[in-house]
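In the order they appear, the protein sequences are chains B and A.
The first sequence begins at 0 in numbering that gives the first Met the number 0 and counts up one residue at a time.
The second sequence begins at 0 in numbering that gives the first Met the number 0 and counts up one residue at a time.
Derived from the structure by calculation, the hints contain no laboratory data.
Possibly wrong hints are sitting among the right ones.
[To be verified] So the derived list for chain B, only partly shown, Cβ under 8 angstroms to chain A, looks like this:
#1 15
#2 76
#3 142
#4 146
#5 168
#6 262
[As the list claims (entries may be wrong)] Chain B residues, not near chain A, derived (Cβ > 12 angstroms throughout):
#7 2
#8 44
#9 63
#10 75
#11 89
#12 104
#13 207
#14 218
#15 250
#16 258
#17 298
#18 319
#19 365
#20 366
#21 368
[To be verified] In silico contact screen, one side only, chain A against chain B (beta carbon under 10 angstroms); selected entries:
#22 47
#23 55
#24 59
#25 147
#26 151
#27 155
#28 212
#29 295
#30 299
#31 339
#32 359
#33 361
#34 363
These numbers come from a predicted model, not from an experiment.
Every residue gets a Cβ at the ideal spot worked out from N, C-alpha and C, and that includes glycine.
Protein chains: 2
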Amino acid sequence: MLELSGGRFRAVYRIAAPGEEEAAAVAAEIAIEQTIEYPADLVSREDIRGQIFGRVESIARGGDDFFDATISYADETAGGDLPQLLNVLYGNSSLKPGIRLERLDLSEGVLSRFRGPRFGRAGLRALLGVPGRPLLATALKPMGLSPQELACLAYQLALGGIDLVKDDHGLADQPFCRFEDRVHLAAEAVARANRETGLGTIYAPNVTAPVGELARRARFACEAGAGALLISPGLAGLDAMRALADDDRIALPLLFHPALLGSFVTCPEDGISPFALFGQIARLAGADASIFPHYGGRFSFSAEHCLSIARGTEEAMGGLVPIFPVPAGGMTLSRVPELVRFYGRDVVLLIGGALHRGRDLVETCRRFRGLVEAG
Amino acid sequence: MLELSGGRFRAVYRIAAPGEEEAAAVAAEIAIEQTIEYPADLVSREDIRGQIFGRVESIARGGDDFFDATISYADETAGGDLPQLLNVLYGNSSLKPGIRLERLDLSEGVLSRFRGPRFGRAGLRALLGVPGRPLLATALKPMGLSPQELACLAYQLALGGIDLVKDDHGLADQPFCRFEDRVHLAAEAVARANRETGLGTIYAPNVTAPVGELARRARFACEAGAGALLISPGLAGLDAMRALADDDRIALPLLFHPALLGSFVTCPEDGISPFALFGQIARLAGADASIFPHYGGRFSFSAEHCLSIARGTEEAMGGLVPIFPVPAGGMTLSRVPELVRFYGRDVVLLIGGALHRGRDLVETCRRFRGLVEAG
């Protein structure tokens with residue numbers, strides 16, 4: 000006889016359906032698929048039916064051709080860890096078209112199992128000594144440069160006053176640019192620039208790596224003087240990011256890169272909403288800043304998506320602190336005022352390639368900083 | 000000055016476009032996005048342009064509204080590991096609608112970095128002592144049963160002659176069903192049944208777990224007498240599966256569960272083809288058997304998808320051995336002859352809930368086995 004705590008967490012699913020009856024049938028399927036995954040009529044035990052089965056709490060029309068269904072699950076089904084929580088939220092239902100995980104509404108019981116972001120907005124601001132304005136970020140690239148060449152770029156970017164200089168997420172541990180060489184030289188270059196400017200630029204190397212290498216690289220980066228870390232949880236695993244965030248030996252801010260996660264958000268009827276994935280789930284996984292494509296750049300997120308992600312980075316989630324949205328993907332200096340109007344001051348503005356269009360990289364960075372300080 | 004090996008691997012992308020000109024423009028974008036992710040016109044160095052840039056090798060019309068573009072990348076860009084290989088193949092392009100990763104065509108240089116499946120079809124057959132016929136599998140469920148109750152089911156399923164008895168992928172380490180208790184009791188129950196029947200049923204517990212727990216659970220399962228392991232790489236990370244497959248201290252067959260990976264395949268214009276994801280990438284990640292929803296069950300894969308996955312489990316990939324396709328998701332005994340006609344003998348037939356519809360579970364399993372042996 001099961002005796003669970005009674006605590007339940009909720010999820011909202013957007014169900015593509017012509018009418019409420021069809022939507023209700025799909026919602027009932029989700030409640031079973033995400034829990035017992037077994038013919039409901041064969042389960043006679045009332046404790047399992049009442050406690051383990053997902054429970055459809057409400058269904059409401061959300062638009063012409065979709066409904067929003069709220070389903071609750073017993074806290075205990077999620078097993079207290081991120082992989083199993085994601086499994087209950089969306090594991091098998093991800094395989095069915097027309098069901099999108101729209102938002103998480105986690106209980107205290109579940110949230111208490113997650114430490115979440117170690118720094119968040121306030122922590123990252125404190126680390127950088129930048130209390131109010133938007134933060135400036137850029138990436139070391141292109142792939143193909145040597146560690147020395149990238150370090151030279153890092154020096155100039157820091158000299159120009161960029162707050163966060165991250166590796167491009169495509170810089171891994173390639174034979175032409177070894178992780179350790181790059182991190183060592185770039186961290187040193189940024190420190191040298193900081194001594195000259197009196198500023199506190201942070202270098203964030205990419206530690207996305209095979210299992211068993213990731214923690215080692217993160218510790219190496221830490222010792223080499225990195226001030227934050229970049230990780231692509233779509234490549235390394237969301238729980239690998241969570242483990243990194245929880246690791247007290249590392250204790251650096253984490254930047255979440257969306258590589259490979261796009262397929263969850265490109266189809267409006269399937270997958271996970273940008274709000275839930277790049278906002279809520281990024282925070283659960285311990286991100287301090289969440290990078291995503293801003294609309295009107297090289298990618299095709301809508302303005303609505305971008306705003307919803309920003310909301311997801313700050314909406315109340317128990318004790319999990321708000322994190323920075325990092326709109327990126329083809330941004331230019333001319334869009335800075337618009338970006339600041341759109342996101343407000345709690346944003347990291349990430350401009351990559353466009354910084355290199357000017358005649359003088361340091362000067363262009365200073366102009367970027369001037370624009371942000373003026374805003 | 001870069002001096003790379005010259006080895007290049009290829010990927011085929013399905014690009015949604017009305018005409019060849021538009022498709023060619025998208026292909027050119029992919030070649031840049033997946034490598035330098037930087038304005039191409041700002042790169043003057045011929046070594047980077049010639050070696051690091053992705054190279055569009057060919058474009059061909061694939062249907063009324065899409066084209067197949069083959070793009071090659073320098074072996075070295077993939078850094079020799081799975082996360083970075085996936086990043087080069089599809090990291091940022093996953094964020095752009097209308098681009099689907101259709102197939103991998105990996106070079107010897109890249110393939111040599113992957114051990115792949117440890118057992119594959121031949122190894123799993125040898126382990127089970129079943130040389131020719133399709134294999135039988137089922138899952139322990141529903142969630143909510145105690146370890147004792149699940150062990151009792153495992154005993155009956157093994158007594159009935161099922162080859163592979165796996166945990167349902169929703170059985171993790173919940174307070175009402177602890178991993179260690181379940182694995183210990185279920186492995187013991189299956190061993191007891193094997194002593195009685197003289198058969199060699201294998202129990203495959205679910206080891207999907209947080210980073211840092213996964214290897215420990217796998218070793219525990221190994222010592223408790225599990226004969227294979229179930230893992231959901233969508234939850235634990237694809238590279239976590241690869242690491243498990245490579246771990247000589249464990250050395251058990253791995254069953255790949257598709258939880259959370261559905262969003263890569265539900266939208267026909269985006270994501271990764273079922274062939275590449277559940278066939279090729281599953282093998283790269285070390286799966287010995289790849290579970291996916293068979294058409295006409297609870298899910299909505301097409302017959303064409305299922306056939307393509309089966310092809311992906313066996314098509315030549317350097318030294319990576321062929322693995323079993325495992326069609327599942329609402330299968331019933333009445334569909335066994337059809338499934339065998341569809342997949343041939345090299346298939347694992349996974350029937351879950353439907354086995355419990357009969358009056359006598361052991362008898363129903365024997366009927367399942369009889370049907371397969373008769374085919």
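Indices of hints not satisfied (ascending) | Result: hints 1, 4, 7, 8, 10, 11, 13, 16, 17, 23, 24, 25, 26, 27, 29, 31, 32, 33 and 34 break, sorted rising.
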